[in-house]
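Using the hints, position chain B against chain A.
Chains A and B, in that order, are what the protein sequence lines are. Numbered by my numbering, the letters in the first sequence go through residues 1 to 169 in order. Numbered by my numbering, the letters in the second sequence go through residues 1 to 315 in order.
Among these hints, one or two may not hold up.
Think about it this way: if two alpha-carbon atoms lie no more than 20 Å apart in a straight line, the pair counts; the simulated DMTMM-like pairs of lysine to aspartate or glutamate are [as the list claims (entries may be wrong)]:
(1) B:K97 / A:E42
(2) A:K38 / A:E49
(3) B:K119 / A:D41
(4) A:K59 / A:E49
(5) B:K90 / A:D41
(6) B:K120 / A:E42
(7) B:K120 / A:D41
(8) B:K90 / B:E107
(9) B:K119 / A:E130
(10) A:K149 / A:D126
(11) A:K34 / B:E114
(12) A:K141 / A:E130
Computed far set for chain A versus chain B, every beta-carbon distance over 12 Å [claimed, not checked]:
(13) S6
(14) K38
(15) K65
(16) E73
(17) K74
(18) Q85
(19) L93
(20) T102
(21) H153
(22) E158
(23) Q161
Think of the hints as simulated: they come from the structure by calculation, not from any bench. These numbers were taken from a predicted model, which means no experiment stands behind them. Just so it is clear, CB atoms sit at the ideal spot from N, CA and C, and this is done for glycine as well.
Here is how the chains run, residue by residue.
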Amino acid sequence: MGGFASLGVNLPLLVVFVINFIVLFVLLRLFLYKPVMKMLDERAKRTKESMELAEATKKEFEQAKVEVQKQIEKGRQEAQSIISQAMQVGERLKEESRQEATKQAQVIVDRTRAELETERDKIVGDLRREFVDIAISAAGKVIKETLDKEKHHKLIEETLQESVVLKKS
Amino acid sequence: MRIGSSRLKILVFFFIPVLVLFGIGLVFGPLGSSFLGTTPPGIFQVPRPTVELPAEPVFHVGHFSITNTLLASWLTIIVLLVLSLFLTHKMKLIPGKRQAMAEAIVEGLLNFVESVAGKKHARMLFSGVATIFIYVISNAYIALLPFFGSIGVIEHDGKFAPLFRAANTDVNVPLSIAIMSFIFVESWGMRAVGVFHYLSEFINVRQMVEGLKELLKGKIGQGVMNIVFGFINLFVGVLEIFSHLIRMLSFTFRLFGNMTAGEILILVSSFLIPLVFTIPFYGLELLIGLIQALIFSGLTLVFATIAVSPHEETE
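Next up, chain B with everything else stripped away, as it sits in the complex:
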């Protein structure tokens, strides 16, 4: 009987209000009013959502304009700094709750890196991969807070510019992370296998030089063969360079596209049916934020693992 009454309470105090709010939103929101031809009451007249791909500037410092995404990323950094200082405040051998949380985060990420890259290189790769993961997921989650996109300034031309906007939806942010990921991967590769050995994968002239030598010695047939294969090697090296550069673009647009799409999805869903309809999409965004952070850091980790493992010398 007790269980039954508590279930009844949940039904009465949670599901019924949610259903009522959903119904009100459906009927009086822009979707319902356009179908039914009613004029909604004043509080339901939602401004038409506008999608701005470039980040809107909020302040100007000299020639440089500080955009809302930049503010959001600074907020992320401050929150992360405060959080990490708070979690690692008084470290003890027997951890308290806060320290246990910090250790769970770090150890979880470290295990993730170790499981892909192996114990030997895990410590070197860890900082970069973990920072990418934490930065991406924090940017995504902080952007779900209510003051994002709602509080802002009206610019001179009457356009509304929110004070904070999800940092991941500014193409510069994914691009900057992708550039850092590229730099990380290349520098780790050079550190692990040596600069010349690492670069020889991209500019592979060994076989061509061999062929030229043989040509000078008079072995025409073998020399020509080696020169032809040398050209192929050079071409493969160029492809390799391009594949490394293209990775940056795919990184950038994967994160940018997913996050922007999520943002637009929330915007549109809260416009079409106001009030509670948008809540499930927030849940979806939580999942997408985690997945994107995992993909970004995971792919960086995989590329780094490939870069740090010495490639075979093809004879």
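Only chain A is shown next, with the shape it has when bound in the complex:
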């Protein structure tokens, strides 16, 4: 072992150096490796989490987009149906009002016609009566004979009736 001793191998010194190394090992572990490793792991974890979050957000966004599209489609359909309903109602109202108007017009026409007819009848009756009176007075004047007015009237009426019958036949 003489060779070793001349190189400087020395047991107490060696033990001190081993202790030195162990002290350095412990110190580096405590103050360098542990905190830095913790930070690296933490960061890796955070990165993973945020990636997952981004992925989830993207998926959610896609879903929301689909949902919105669906809503828009639904709204459009509803609007379409409302418009068509409104058009139907309008059509119906128009039809109804037209029918109403026609009916009323008919009623007015009918009434007017009836009134006209009664008026005409009345006028015709008046005219007839006038005519009969005129005829009677004329006849009385002609024959200077006073005829029973009642009888006469009846007579003319019959005559007229006959003439009407004749006209008809």
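Showing chain B alone in chain A's frame:
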């Protein structure tokens, strides 16, 4: 034109002074003066370098003498402690410059360990391997600072003993790291594959016991064969033990030899041609320090990887 003038500036203010200093050193230094027979001026009379393999004691505490290499290794530990406290002062998720540097060092070493040992065992092996790397490279680099080997005390017998000397050039330091490396490798091996399984690689008596059993049962031929192979296994186990122990020696003398040679190279180069001639050798020493640290930690890592991977059962 601007580039040209800046190049000219570099030439004038850097290369020419360096060349002049080199010339002065060559002519008036010990090499030149011995060839030319001139007596150099007083400031060039450099003391003849002496090579001391054992570390010189600087102080004595009781019977124990504190050597300059021990002081240097304490300096290394203090510097590393302060540096790691400084770099990991206020750790944040978004790192600043200091924290980024600490993370780069740790992550780089961790990637190195993972690339050799695999992810499974990397965390277990990391602390030991990284500490060996950092300790060796710091010892080597701190030793390149100017106050190493230059400031010291004159002992009673008139001999000069520097206050600090490169810790790696004391054979005790590489030996202590090698012992720790050995302890690391064996303990990791036992932790990874189990104590009995790990030790069975070294003391392999299974086949011999089998052979003895067969001999007792009456199968003479097979029994004798197994006993012979059992002896071979035992012998292989002994070789294995020796190879593990020899590793320590090779670790020790590889680091010790390289670092001591580097130290002597710088000493001799600065003695023969003083002033600037020694600068390239400092660069060389930077490279050697890195390489030695890589070799020491890398070999420890490789041995540890072999130890933690379960060896096949040969049937």
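Hey, is Q85 of chain A genuinely clear of chain B, shortest beta carbon separation above 12 Å? holds (61 Å)
Chain B versus S6 of chain A - minimum CB to CB distance exceeding 12 Å, so not interface: violated (7 Å)
Minimum C-beta separation from E158 of chain A to chain B exceeding 12 Å: can you confirm that? holds (132 Å)
Assertion that H153 of chain A lies outside the chain B interface [Cβ separation over 12 Å]: H153 of chain A is indeed farther than 12 Å from all Cβ atoms of chain B, at 131 Å.
20 Å limit on alpha-carbon distance, applied to hinted pair K120 of chain B and D41 of chain A: Roughly 15 Å separates the two Cα atoms, so the pair holds.
Is K97 of chain B close enough to E42 of chain A, meaning Cα to Cα at most 20 Å? holds (18 Å)
K59 of chain A paired with E49 of chain A [C-alpha distance capped at 20 Å]: holds (15 Å)
Test the statement that K38 of chain A is away from the interface with chain B: the closest C-beta pair must be farther apart than 12 Å. violated (8 Å)
Verify this label for me: L93 of chain A is non-interface relative to chain B, using a Cβ-Cβ cutoff of 12 Å. At about 71 Å from chain B, L93 of chain A clears the 12 Å cut-off, so the statement holds.
Next pair to validate is K90 of chain B with D41 of chain A; report whether the Cα-Cα distance is within 20 Å. holds (17 Å)
Does the alpha-carbon distance linking K149 of chain A and D126 of chain A stay inside the 20 Å limit? This hinted pair holds, its Cα atoms lying about 18 Å apart.
Is K90 of chain B close enough to E107 of chain B, meaning Cα to Cα at most 20 Å? holds (18 Å)
In this structure, the earlier hints numbered 9, 13, 14 are contradicted, and the remaining ones agree with it.
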